[in-house]
Amino acid sequence: MNILTYILLGFLVICAISVTFSKKLLNSVLIFMSYSLVMSIIWMMLESPDLAITEAAVGAGVTSVLFFVTLRKIHAMGEEDVDDEER
Amino acid sequence: MKKDSAFSRWFYGERDTLLDRVEMKPQTGHAPRAGEIRELMEERRLIREHIYDVEDNQKLKLFHRLYQVAAVVFCATLMLIMLVAVSWLPENGNPDNPVNNEVSARYIENGLQETGAVNIVTGMILDYRAFDTFGESNVLFISTVTVLILLHNKKKKETGAEDVAGGRANTAEKSRKSAGPAEKSGSIYEENLILQKIAGILVPIIVIFGVYVILNGHLSPGGGFSGGAIIGAGLILYQNAFGFEKTERFFTEKTYKWICFFALTFYCLAKSYSFFTGANHLESGIPLGKPGAILSSGLILPLNICVGLVVACTMYTFFAMFRKGDF
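Residue numbers (numbering that gives the first Met the number 0), protein chains in the order written: chain R, 0 to 86; chain Y, 0 to 326.
It should be emphasised that the hints constitute simulated quantities derived from the structure, not laboratory data.
For each residue, glycine too, the CB sits at the ideal point set by N, CA and C.
Some clues are possibly wrong.
Calculated lysine-lysine pairs in the DSSO-like style (CA-CA distance at most 27 angstroms, straight line) [said to hold, decoys possible]:
#	chain 1	residue 1	chain 2	residue 2
1	Y	Lys270	Y	Lys289
2	Y	Lys256	R	Lys72
3	R	Lys72	Y	Lys253
4	R	Lys23	R	Lys72
5	Y	Lys245	R	Lys72
6	Y	Lys256	Y	Lys270
Here are some chain Y residues the structure puts well away from chain R; computed CB gaps all over 12 angstroms [claimed, not checked]:
#	residue
7	His63
8	Asn100
9	Asn137
10	Phe241
11	Gly277
12	Leu298
If we strip away everything but chain Y, and leave its shape as in the complex, we get (with noise of 0.2 angstroms):
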């Protein structure tokens, strides 16, 4: 073999014959042909065939049919529930009716005596109504619990784990280099001094007015809904100047997800103390306090606490898991 041919300067390593030869792509992402899925589904309706044996099993043709009849049953009966119970309802409209006259009086006159809260729609929805609310807060964590399924991604995590051990000085460079600096560090805005000096005198002013919101809430206008929006867009201000780094220093997945449990625990538990007190007529030993002092209303304020946490966290996790979809 000739000592300067090709081959053996390849093969002693002195040449690479892909370099400068073959044009470098990046991957794309898999687009599927147009017929593809319809096949794949046809595939999939075929094996579910063949396991199951449709046409021939007894008893799984007994169970459909069943299935059906039931499934149709069950939303009769369901229907005829709901018509019954409207059917016993007052007629819409009819200016006798005890809602039009009852209930708001009721509530007006009776509900700073029986509430101590100053302000009567905090009045209503977390003292007269708060089974609704409560129902209300368990479809606001479902959906939550919902989004955070989808959105969840635990590739970049690895990624990132990756990066933390590759050696601390290369991570900035290397994260510059390749998801581009946006999806990396999380902040849009990198290094924007404009941004960083307003967020520093605007996100204390914010979340000091969130809290003072939640606080007063049976006092002035507001509550624990809109105090921790509040708190949550200023948590999202803060961490669009900011950066991701920032923010994990004090908030992460775990904070997350113990703060959520404590005050649905303890919103379930407190409503149900007093709900069972107030079914049985027994007296629930909860002082009221004075109208008009922050520690008044008994347990509206510890709620609006707990709502009020609850909102600002799951305002700022969503914007984190749309933003890196994790946190």
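This is chain R alone, in the form it adopts within the complex (with noise of 0.2 angstroms):
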């Protein structure tokens, strides 16, 4: 139990480390998203489960489905968008 929790926290510091340092916008919201997730169990293992269904659905769910819509609308997302203009 105490291994794992250092484990996932390992992880925490190494995500939010990584979404700074990462060059592709698409990335750092996927990392971003598996932070969420991440902390959504630690919430659970720190018994608090309201957070952790509120981390799940709006951290995780939510606000990375915003982020990828916004990546859209600015064109950031990658070779999927240059097919569209071409169309």
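Using the supplied hints, reconstruct the complex from the two chains, each of which is provided in its own coordinate frame.
Here it is in structure tokens:
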């Protein structure tokens, strides 16, 4: 139990650092999503299931979807959008 | 004039001189020159000085001076009030503080009796600390309004109306030709069979789970905000699979307005009533019910439903706004 907590916390730190250092915005959003997921597991271990549910629904779900939509709007999503433009 | 000259042929409409000669280019967006913005700002400043006559207008000068002094005085007073209030608070980290002993002990021991909620977190949020929650929901509402103001554009709506006027049959073709398939119909993955089948199975389960989380907010972990976020995520998945036409059958701007209006008004009135009775030590007359039953714990269940409705609609509205500018 204790070792798992430390592993998750280490993962959290690595995620938080690599969000800022990743070059592609899409990768940053994906890493941020996994950060939220791990955070919700940690909330669960800290015996606050309320926060775990909210973190999983808002942090990993809705926020990332909004980020994706924004990336699409500013044409930062990669090659798929270039195809759309040419059509 | 000769009959076969280029001019006469153009004049009688047999030949278009522009055809195949001019390269048609799509219009690009307006890109300002390097110094243009600075020039515009400078111009605006000059006009403003000319209108208000800043150098010679004594009244305005006085007002500006007073305004600056008043701003500083106001900020200093506010800081003073807050610092005085903080100085009255007990020292941070002291083990004898009432926060460390009385408040939490009271919540844990009497929470079930006084609020009727088995889930003590919900009891705290929506009963003891409902005033804080009300302020939070107001902040959320204001931010939603700001997003709506920033992202709402009327232009797309007008072109959509033209499409409808131009005939239903052409609408699909037109939309596919003009603005690209995604922007018009709203769905990124148009007619993706796998996504549609999976969404058809998953969306009802997600929505039912969200409703369960909201309705059992006072019994099990969860509550209005988390349940509403789950329902909103389900709606977003549904929209992605089936497009805006399907969601607009039951969710439009009007629905959002009315749901938000009624839920927030009910929250405000209900909490005002219970604050009024609680502050004056009156009987509120709201039955607490048996702890553990669905219909128990007084006002918490309806308040949870209100918060859940507002949050679900807000989540979906944010998505629709980001996606196409209106809904």
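Right, here's what the structure says about each hint:
no., hint, in the structure
1, Lys270/Y / Lys289/Y, "holds (21 angstroms)"
2, Lys256/Y / Lys72/R, "holds (26 angstroms)"
3, Lys72/R / Lys253/Y, "holds (26 angstroms)"
4, Lys23/R / Lys72/R, "holds (16 angstroms)"
5, Lys245/Y / Lys72/R, "holds (22 angstroms)"
6, Lys256/Y / Lys270/Y, "holds (21 angstroms)"
7, His63, "holds (40 angstroms)"
8, Asn100, "holds (21 angstroms)"
9, Asn137, "holds (19 angstroms)"
10, Phe241, "holds (16 angstroms)"
11, Gly277, "holds (24 angstroms)"
12, Leu298, "holds (19 angstroms)"
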